[in-house]
Structures are given as C-alpha cells and as structure tokens.
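Listed below are the residues making up each chain.
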Amino acid sequence: MPLELLESPDLNANQREGLWTLNFGPQHPATHTTLRLVLQLDGEMVIDAEPDIGFLHSGFEKLGEVLDFNQYVTIVDRMNYISPMANEIAWHHAVEKLLGIELTPRCKYIRTIFAELMRIHDHLLCLGTCVLDLGGATAFMYAFNERETIYEICERASGQRFHTSYTRVGGLLYDVTDDWVTMVRDFARNFPKVYRDFSGLVMKNRIFVERTRDVGVLSREEAIAGGATGPVARASGVVRDLRRDEPYLAYEDFDFDVCASQGGDCYARFQVRMMEMLESIKIIEQAVENIPAGPIFAPGTGKETIPDKREVYRSIEGLIHHFENVMPNRQMPAPKESVYAATESPNGELGYYIVGNGSFRAYRARTRPPSVLHFSLFSRMMRGCMLSDVVAVLGSINIIAAELDR
Amino acid sequence: MTTETTKPNSAEIDAVKVKLAESLNGVSLVWSEFRDQTRVVFPSTELLKCLNAFKAAGFDQLSDLTAVDLLEYGNATDRFEVVYCLLNIDNGLRLIAKTYLNEPDLTIPSATSVWFGADWLEREVYDMYGILFSDHPNFKRLLLPQEFQSFPMRKDYPVKGRGERHNFPVITRAES
Numbered sequence: 003m004p005l006e007l008l009e010s011p012d013l014n015a016n017q018r019e020g021l022w023t024l025n026f027g028p029q030h031p032a033t034h035t036t037l038r039l040v041l042q043l044d045g046e047m048v049i050d051a052e053p054d055i056g057f058l059h060s061g062f063e064k065l066g067e068v069l070d071f072n073q074y075v076t077i078v079d080r081m082n083y084i085s086p087m088a089n090e091i092a093w094h095h096a097v098e099k100l101l102g103i104e105l106t107p108r109c110k111y112i113r114t115i116f117a118e119l120m121r122i123h124d125h126l127l128c129l130g131t132c133v134l135d136l137g138g139a140t141a142f143m144y145a146f147n148e149r150e151t152i153y154e155i156c157e158r159a160s161g162q163r164f165h166t167s168y169t170r171v172g173g174l175l176y177d178v179t180d181d182w183v184t185m186v187r188d189f190a191r192n193f194p195k196v197y198r199d200f201s202g203l204v205m206k207n208r209i210f211v212e213r214t215r216d217v218g219v220l221s222r223e224e225a226i227a228g229g230a231t232g233p234v235a236r237a238s239g240v241v242r243d244l245r246r247d248e249p250y251l252a253y254e255d256f257d258f259d260v261c262a263s264q265g266g267d268c269y270a271r272f273q274v275r276m277m278e279m280l281e282s283i284k285i286i287e288q289a290v291e292n293i294p295a296g297p298i299f300a301p302g303t304g305k306e307t308i309p310d311k312r313e314v315y316r317s318i319e320g321l322i323h324h325f326e327n328v329m330p331n332r333q334m335p336a337p338k339e340s341v342y343a344a345t346e347s348p349n350g351e352l353g354y355y356i357v358g359n360g361s362f363r364a365y366r367a368r369t370r371p372p373s374v375l376h377f378s379l380f381s382r383m384m385r386g387c388m389l390s391d392v393v394a395v396l397g398s399i400n401i402i403a404a405e406l407d408r
Numbered sequence: 004m005t006t007e008t009t010k011p012n013s014a015e016i017d018a019v020k021v022k023l024a025e026s027l028n029g030v031s032l033v034w035s036e037f038r039d040q041t042r043v044v045f046p047s048t049e050l051l052k053c054l055n056a057f058k059a060a061g062f063d064q065l066s067d068l069t070a071v072d073l074l075e076y077g078n079a080t081d082r083f084e085v086v087y088c089l090l091n092i093d094n095g096l097r098l099i100a101k102t103y104l105n106e107p108d109l110t111i112p113s114a115t116s117v118w119f120g121a122d123w124l125e126r127e128v129y130d131m132y133g134i135l136f137s138d139h140p141n142f143k144r145l146l147l148p149q150e151f152q153s154f155p156m157r158k159d160y161p162v163k164g165r166g167e168r169h170n171f172p173v174i175t176r177a178e179s
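Keeping their order, the protein sequence lines are chains A and B.
Those letters in the first sequence? Residues 3 to 408, by the numbering used here.
Those letters in the second sequence? Residues 4 to 179, by the numbering used here.
Keep in mind that the hints were calculated from the coordinates and are not lab data.
Treat the hints with care, since some could be wrong.
[Claimed, not checked] Straight line, CA to CA, 30 Å or less: simulated DSS-like cross-link-like pairs of lysine-lysine:
{"#": "1", "chain 1": "A", "residue 1": "K338", "chain 2": "B", "residue 2": "K163"}
{"#": "2", "chain 1": "A", "residue 1": "K99", "chain 2": "B", "residue 2": "K22"}
{"#": "3", "chain 1": "B", "residue 1": "K20", "chain 2": "A", "residue 2": "K64"}
{"#": "4", "chain 1": "A", "residue 1": "K99", "chain 2": "B", "residue 2": "K20"}
{"#": "5", "chain 1": "B", "residue 1": "K143", "chain 2": "A", "residue 2": "K338"}
{"#": "6", "chain 1": "A", "residue 1": "K64", "chain 2": "B", "residue 2": "K163"}
{"#": "7", "chain 1": "A", "residue 1": "K64", "chain 2": "B", "residue 2": "K158"}
{"#": "8", "chain 1": "A", "residue 1": "K338", "chain 2": "B", "residue 2": "K58"}
{"#": "9", "chain 1": "B", "residue 1": "K58", "chain 2": "A", "residue 2": "K99"}
{"#": "10", "chain 1": "A", "residue 1": "K311", "chain 2": "B", "residue 2": "K158"}
[Said to hold, decoys possible] Computed footprint of chain A on chain B; a stretch qualifies when at least three of its residues, placed anywhere within it, have a C-beta under 8 Å from a C-beta of chain A:
{"#": "11", "segment": "17 to 29"}
{"#": "12", "segment": "68 to 78"}
Predicted model only: the values in this text are computed from it and were never measured.
Note that the Cβ used here is the ideal one computed from N, Cα and C, for glycine as well.
Using the sequences plus the hints, can you model the full thing?
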C-alpha cells in the first residue's frame, strides 16, 4: 500500500508517536463487499480513518455511453444491488425527463409501489445486517424473511428476483397481474406485525442502543455542506425528501410524512429508517387499492417506447415498431441537451446527469451515487469513536460498494 | 402537474439572477433553461469568485460535480465541461452551473473551500478526466490505482481499455 496514505497531515510527529495503524478490509465480514479503511489508532480510540475505495470499479459510466437507454438499465440494476429497481426507476426518470415523455397513470402507480417496496427492501437489509454486525443474529432473520417476500413480488412482475430490469423508456417490461396486486396487498397487511417484532428486538435493546447512541455524530451543517442526503441527512435534522419537495411519479397523490430526527448519531439514522418503512407501507396501501386502468406505455409518436410484446409477435405493424425501436440507425434521437434528474432512492438522492447527442444513447451518463458522498463523510463521523464503533457507523450509512465504485 | 410545482421557483430564480448580477458584476454569465431546469455558464477564470457568489445566493449544497468530455460532441468548440449541480436546501431551488476548459491548461481551483463535499467528487473527476484541482487538501486518484496512467472516461480512451489490467505487476506475498 502506498505509504502516503498513512500520513495524516493533521498530526504532528509528537502526536503520531504511540499510534498504530490497522488495515480494515477490503475483505471483512462487516464491509459486506469490498471497502478498505486505514485506521490510525491510539489504543482503541480512532484518531483518523482513511477510506480507500475502488476495488469494485467496473466502468459502468463508460458503458452508459455505449449502450442505449433501454439496454443500460441492466447495468444500473447492478449499482445498488440491494434495491435494484430503485436504480432503474431513477435512470428512466432521468431519461424520460431528457426525452420529455410523460408517463401514464398506471405506470406511475406501479413504479411508485415498486419504489416503496425497494425502500423497505433496502432498509431491512441495512438494519438487519448492521444488527448482525453488532452481535444480534435474530433480528437479521426477521429482516431477511421479509426481503424474500419482496423478491417474490419482483419475480411475479418481471420474471427476475434480483436484477429485474423491469422499467423501459416510457413504460414497463410487462403489465402487472391481479395476483401480483394480491401479493402486494398481503405483504402490506403482514408487514406491520413483523415490524413490531423487529422493532421490539432492536430499537429498545440495551446493547444495541448503547452501541449506537452518540456514536458517529454528524451535525446538520456538515450534512448540508458535505452533500449528505436521504436518511443520513434527515437523521441530522435536514428535513428534505425529494418525494415531497420535488414530487415525481405519483407521490403527489399520497398522504405520507417525512421522517426526520435531530440526533445525527447512528441510532437516529436507524430510527429514521425504521419510521420510513412504515411510511412506505402507508404509500403502498394507498397506491395498491387505486391502481388506474389503462396502458403502461406512454402514448407518443411511437418511436419513444417499445411496443407490447403481443403486438410484436402477432402483427406486422408491431414488428416494424419494435424494429424501429431497437435498431441503432432507426431509433428516436434524444435532444442535444443535458439534464439532471434525481429521485429519492432508499439511500438518498440518486441522480443522473445525462447529456444527449442526437441518438438514443447517452453521450454522458453520470450517476450521482449517494454512497460516495456519505462515505466521504465517514472520517468526520469517526472522530472520537472506538475501534468497535467502526462497524456500527459503517452499517448506519449503508455503503454499497458497487454503487460507490461503479 | 410539473408546471405547478415549478412556477413558484421562477420568481425565486429571477431573484437569484438579480443577486448574482450584483455580486458578479463584470463577469459574463450565460443563462439557459431546459425542461424547467436553470443552467448558467460561467468563465473558468473566475471560478472561485463565481462559486462563492452562488453559495452566498443560497446554494448551500453541492449535489454533484462532474465533467463531460466534448471531444465528439456535435460542433462543440471546447474540450471539457465541468458541471456543478447546486441545491438550496431551504427552498429546494436547483442550479446547474457549467464552465468550459481547454487543453493544455486543465487546472482549476478546488471547490472544497466552498463546499467540503467536493472533496471526493473532484478526485473522481481527476481520476476519470485528468482535470486538475489546485489547493485540494488530499489530491490523488479516487477509484483507480495511483500508478494508473490514463484517464479512462475521456472519449479518446477505448471502451475495452489499453490492456492495463493484464499488465499489472504481480506482487507476491513476501513483497506486499
């Protein structure tokens, strides 16, 4: 490892005496994927924590310049693989903004339901695994049992459990069926009971509370200037939620609260995530009973959106439509403009800055991943913490390395 | 529905424009709009002055900082575009501020003194595009190995790479 990584400019030679260096990761059970930290320790106190990232860098943004708007959805899936569909929704939200496509009400509702399911999906993993890292295996099982149900809901709609690739420009791959609606309804009905069990196991558990309260504190000013968003910012008192402040999809139609806390510590971040899951259930319950009828693809001149598969296989017009849509020299040209569009992903503001260049693929597809900005605040959060707090702070900001490195 | 939510913003954007015209007297700002988004192009020579003025006008969060290589972009005359996506936390106003850079001088001052969240974002832009940020507190590559030579997001870098990966030195356990 390059030696200059170890030299913290804030420490003079006198202070550095007696410190020891600990390498944490890239392979460690609590990093979940490949993150690396270089810790400077004074006994058990963390003096400095330097993250070293890039182990999972795979050039996703470069691929975004090669694949077209529909093809790239398979790649964005793999960024935050804890909540894949949230990435797809964010990507196509940005593409539709660039192309100027207005979705149909049915598509908006289905995407909203999936976005909220993904929020629960992501929060369950974040909470469950962090409790596991802190030594409690029971709550983890409760969380993962519910995640399994959400996988089944994804599978019923898209045919895939994990990397669904379900959204398309201006629509969805398939329409949902009645039994999918029943599954979502059952999930929303059963979830509060599991939530009570989970919450009872974790949130008032004395060991958990003492290991997370006043640990990894992030102040409101630091959260704003450092670019923190989502649950991390809301736990530090920044009451901002894109679902409420910049309504997209069908969020304007629903009644829900924005959850925030003043604590700024790990416990506050867990609390915000816990409360958000109940708000998501509220949104899902309202949405699933009122899914509008109608087509899932936005009406248009035809070239923006792919046709229904039944048309492709049964009529020559549908086949021509499909051909016009997938052949690189026939596709709809995107305007020679740039657009930044963000959605409230489970982890925070997931934005895409897309530059169009007159073809159906992005000239530049920049992802604004929440993980990068949150992880850059990590060394600030670690000030004055102990070695055993590293896993608590790491778990509470929910770093997903695939999204971090792209 | 989108027009309803953006309408109150247009008055706020006008107020920002007036404020910036005052604080950046003599600096040429080019404003444009696309799909309800306000963009401004400012000269890279006055970068820090402009960024400080944006912050003083209420944009207290740097949402994103990125770059675009305009080598193959239509009839573009500049090589690089550096994009600052700004956000006002209190009223939710967004501003996309851009500046253009040309070779050989790819050095601009760092924005870390204005928003410290620019730290890693600037390192990533350097990593991918080779744009240098002066006065950055910890300036080195973010994602790629420190000894990497190229800047892979540039348009003249091939998608399949130049074989760097196959030529990485093999380090034995004893040497590590």
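Cross-check of the supplied hints:
no., hint, in the structure
1, A:K338 <-> B:K163, "holds, 26 Å"
2, A:K99 <-> B:K22, "holds, 29 Å"
3, B:K20 <-> A:K64, "violated, 35 Å"
4, A:K99 <-> B:K20, "holds, 24 Å"
5, B:K143 <-> A:K338, "violated, 33 Å"
6, A:K64 <-> B:K163, "holds, 10 Å"
7, A:K64 <-> B:K158, "holds, 9 Å"
8, A:K338 <-> B:K58, "holds, 29 Å"
9, B:K58 <-> A:K99, "holds, 27 Å"
10, A:K311 <-> B:K158, "violated, 36 Å"
11, 17 to 29, "violated (count 0)"
12, 68 to 78, "holds (count 6)"
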